[in-house]
Amino acid sequence: MSAAARRRLTGWALNALTYAVLLAMLAPVFWLLVSATQTQGRLANGTLDLLSPTFDAFSQMWQTIDFERYLANSIIICTGAAAFATAFASSAGYALARYRFRGSRAYGLTVIGTQLIPGSLFLLPVFLGFVWLGQNTPIRLLDTHVGMILVYTAFFTPLAIYFMRAFFQAIPRELEEAAMVDGSTRFGAFLRVVLPNAVPGLLATFVYAFLFAWDELMFATALTEQDAETIPIGIRNFIGNYNEETDQLMAAGVVSTIPVLIAFFATQRWLVRGITGGAVKG
Amino acid sequence: MIAPALAFMVLVHLVPTAAGSFLSFLDLNTFTFQQLFGAPWTGFGNYDSILFDSSNPLHSGFTTAAGNTAFYTAWTVGGTLVFGLGIALLLNRRFPGQRIVRTLMLTPWVVPSFVVATLWQFMWQRDAGIINKVLVDYTGIVDERPTWLLGENSMWAIIVPSIWRGIPFAMLIFLAGLQAIPRELHEAAAIDGAGPWKRFRHITLPLLRPLIAIQLLFGVIYSAYQFTIPYIMLGTNPGPSADLLMTLVLRQSFSNNLFGYGAAVSTLLMLAMLVWVAIWYRAFRRDFAEAT
Chain G
105 MSAAARRRLT GWALNALTYA VLLAMLAPVF WLLVSATQTQ GRLANGTLDL LSPTFDAFSQ
165 MWQTIDFERY LANSIIICTG AAAFATAFAS SAGYALARYR FRGSRAYGLT VIGTQLIPGS
225 LFLLPVFLGF VWLGQNTPIR LLDTHVGMIL VYTAFFTPLA IYFMRAFFQA IPRELEEAAM
285 VDGSTRFGAF LRVVLPNAVP GLLATFVYAF LFAWDELMFA TALTEQDAET IPIGIRNFIG
345 NYNEETDQLM AAGVVSTIPV LIAFFATQRW LVRGITGGAV KG
Chain D
1378 MIAPALAFMV LVHLVPTAAG SFLSFLDLNT FTFQQLFGAP WTGFGNYDSI LFDSSNPLHS
1438 GFTTAAGNTA FYTAWTVGGT LVFGLGIALL LNRRFPGQRI VRTLMLTPWV VPSFVVATLW
1498 QFMWQRDAGI INKVLVDYTG IVDERPTWLL GENSMWAIIV PSIWRGIPFA MLIFLAGLQA
1558 IPRELHEAAA IDGAGPWKRF RHITLPLLRP LIAIQLLFGV IYSAYQFTIP YIMLGTNPGP
1618 SADLLMTLVL RQSFSNNLFG YGAAVSTLLM LAMLVWVAIW YRAFRRDFAE AT
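Listed in order, the protein sequences are those of chains G and D. In our numbering, each number is its position in the first sequence, counted from 1, plus 104. In our numbering, each number is its position in the second sequence, counted from 1, plus 1377.
No lab work stands behind these hints: they were computed from the structure. You may find that some hints are simply not true.
[To be verified] Cβ pair distances, simulated, as ranges:
| hint | chain 1 | residue 1 | chain 2 | residue 2 | range |
| --- | --- | --- | --- | --- | --- |
| 1 | D | G1572 | G | W116 | 17 to 23 Å |
| 2 | D | E1564 | G | G150 | 20 to 26 Å |
| 3 | D | R1663 | G | N345 | 50 to 56 Å |
| 4 | G | L154 | D | F1595 | 35 to 41 Å |
| 5 | G | F159 | D | R1659 | 54 to 60 Å |
| 6 | G | Q239 | D | P1617 | 23 to 29 Å |
| 7 | D | V1652 | G | W116 | 46 to 52 Å |
| 8 | G | V285 | D | A1384 | 31 to 37 Å |
| 9 | G | T151 | D | W1574 | 55 to 61 Å |
| 10 | G | L213 | D | D1504 | 49 to 55 Å |
| 11 | G | A108 | D | R1663 | 38 to 44 Å |
[Said to hold, decoys possible] Some chain G residues close to chain D (C-beta under 8 Å, calculated; not the full set):
| hint | residue |
| --- | --- |
| 12 | N119 |
| 13 | L137 |
| 14 | T289 |
| 15 | G357 |
[Claimed, not checked] Partial selection, computed: residues in chain G whose CB lies under 8 Å from chain D:
| hint | residue |
| --- | --- |
| 16 | L130 |
| 17 | F134 |
| 18 | L307 |
Quick reminder that beta carbons are idealized off the backbone N, C-alpha and C, glycines included.
Produce the entire structure from the sequences given, and follow the hints as far as they go.
Here it is, written out as structure tokens:
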């Protein structure tokens, strides 16, 4: 066999391997969709009928558990937390990207340091603090939207800062300098020139924080009881109490994935740039 | 401009962390719970029973969970990086449908962990699960139906989905790194007669070293703090084969009201991570010398 023919053959083999790997990676997602669209009976005895999907599970799941409440809570809490985290991160990230001030390196290290703290270590005092506030003051944080937004905002702000910093660094300094020459203040330049250019970054940071908040379970387990329970808690309750309704459980899984899937693929371009930009540059 | 974020971080990270370490010195349990932070001081009592009191069931619970966490972390991080790099190498070639394949490959990372855990719990089931169906009924690779969600296998039941969900992220970062490697390097080495393996070993791998380092650093921390996947799949008590430190802390604190014990275990875990960061820093310091 000639060298060229052999090279073409390995090329095809590697292409085939690539597609096979993609199929293997997507197989569990495919299985999620399949099991959500089969009846419970078919799932139990294994006689699947892929050609006649049913969407009954998607209508029944809302009756089996109060999924509407979980969904509403998740949307309120995650949107609130992601918005606050992005707002904090845009000002802090900008400062880190533009100025070398005393302690800026220490500040950067603090941001990384926050990732070192196990969630459980500050979960316990936060829980006890919320209980204490409830007993001794009229401030209600345990099992409330405000309490959860507060905790999640703090939780995801450090990551958001790193994200925003990478985006601000990509915006040329000359833009603000030009605005300041034209008589704008530094803050005015930030507001009118830098922020509009950073919209993709803001959006990506928001979605990134939202994705993480949507997936948070540990704090939600400890800090909610009823009023502020989010989707992961709902899924956990579902598994605990209606384990035999697999089709509905899978349907609930699909429904809880759709919002983040849409958010991710809508902002994918910028999100990927934020993740890789931060990592590749260090 | 950093004031709002800084104030917030101090308030919600540093203060509770200090308070958490403080709690680990208190005898805070069901009987003293009403006193909250005023519970009796016990000094190193919690640490003593965790680390040295071999007659205390909390001691064996801790050592088991610590061993499991190390095992889980090593396999999850190792598997994620190896497969992530492998797939990134595959996707770095030119092939039909490159863009769409790269995008679709990210899907597992977008599925929330709690859905991943729910889905895999169903897939691992002994009788109705698709994995046993494939292994036993369809292909006959295995004769006996393995039980995945109980006993020894349950550790693998949480490791495999963790790797599956982690791969896209690692792949994304490696792919960006691979694209930044100048083509000329490989071409020059090929002219000098270096085969694909030699080029990978002496060009690609050294240039990806900083990216491997960063992912090791955060991958280990993230995996050691994993909670969602074991908790959803195996419940509040995953059993001695798959109990991780996080599930242990949450169970002992919130089901058994042993808050002082939970805080002490969390503090030990944080110290372990500080040691890991120190080791990491010694190993990879030179890779970041020019960056900082």
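Structure-based check of each hint:
1. Under the hint 17 to 23 Å, the C-beta atoms of D:G1572 and G:W116, about 20 Å apart, fit the expected range.
2. One distance hint, 20 to 26 Å for the beta-carbon pair D:E1564 and G:G150, is violated here, with the actual separation near 53 Å.
3. Between D:R1663 and G:N345 the Cβ separation comes to about 55 Å, which falls inside the hinted range of 50 to 56 Å.
4. A beta carbon spacing of about 40 Å between G:L154 and D:F1595 agrees with the range 35 to 41 Å that was offered as a hint.
5. Between G:F159 and D:R1659, the C-beta spacing of about 56 Å keeps the proposed range 54 to 60 Å intact.
6. The given range of 23 to 29 Å is broken by G:Q239 and D:P1617, whose C-beta atoms sit roughly 37 Å from each other.
7. At about 49 Å, the beta-carbon gap between D:V1652 and G:W116 stays in the expected band of 46 to 52 Å.
8. Take G:V285 and D:A1384: their Cβ atoms lie about 33 Å apart, and the range 31 to 37 Å holds.
9. Distance hint check: the CB atoms of G:T151 and D:W1574 are about 48 Å apart, inconsistent with the given range 55 to 61 Å.
10. About 52 Å separates the C-beta atoms of G:L213 and D:D1504, a value consistent with the hinted range of 49 to 55 Å.
11. Here the CB-CB span from G:A108 to D:R1663 is close to 43 Å, well matched to the stated 38 to 44 Å.
12. With a cut of 8 Å, the hint placing G:N119 at the interface with chain D holds, because the nearest CB-to-CB distance is about 5 Å.
13. Nearest Cβ of chain D to the Cβ of G:L137: about 10 Å, over the 8 Å cut. The hint is violated.
14. Interface hint status for G:T289: violated, as the beta-carbon distance to the closest one in chain D is roughly 13 Å, over 8 Å.
15. Residue-level restraint check for G:G357 holds (minimum Cβ-Cβ distance to chain D is 4 Å; threshold 8 Å).
16. Because the closest C-beta pair between G:L130 and chain D is about 6 Å apart, less than 8 Å, the hint holds.
17. Hint on G:F134 is violated. Least Cβ distance to chain D is approximately 10 Å, over the 8 Å limit.
18. A cut of 8 Å between beta carbons decides the hint on G:L307: the least distance to chain D is about 16 Å, and the hint is violated.
In terms of the numbered hints stated before, the structure departs from hints 2, 6, 9, 13, 14, 17 and 18, listed from lowest to highest.
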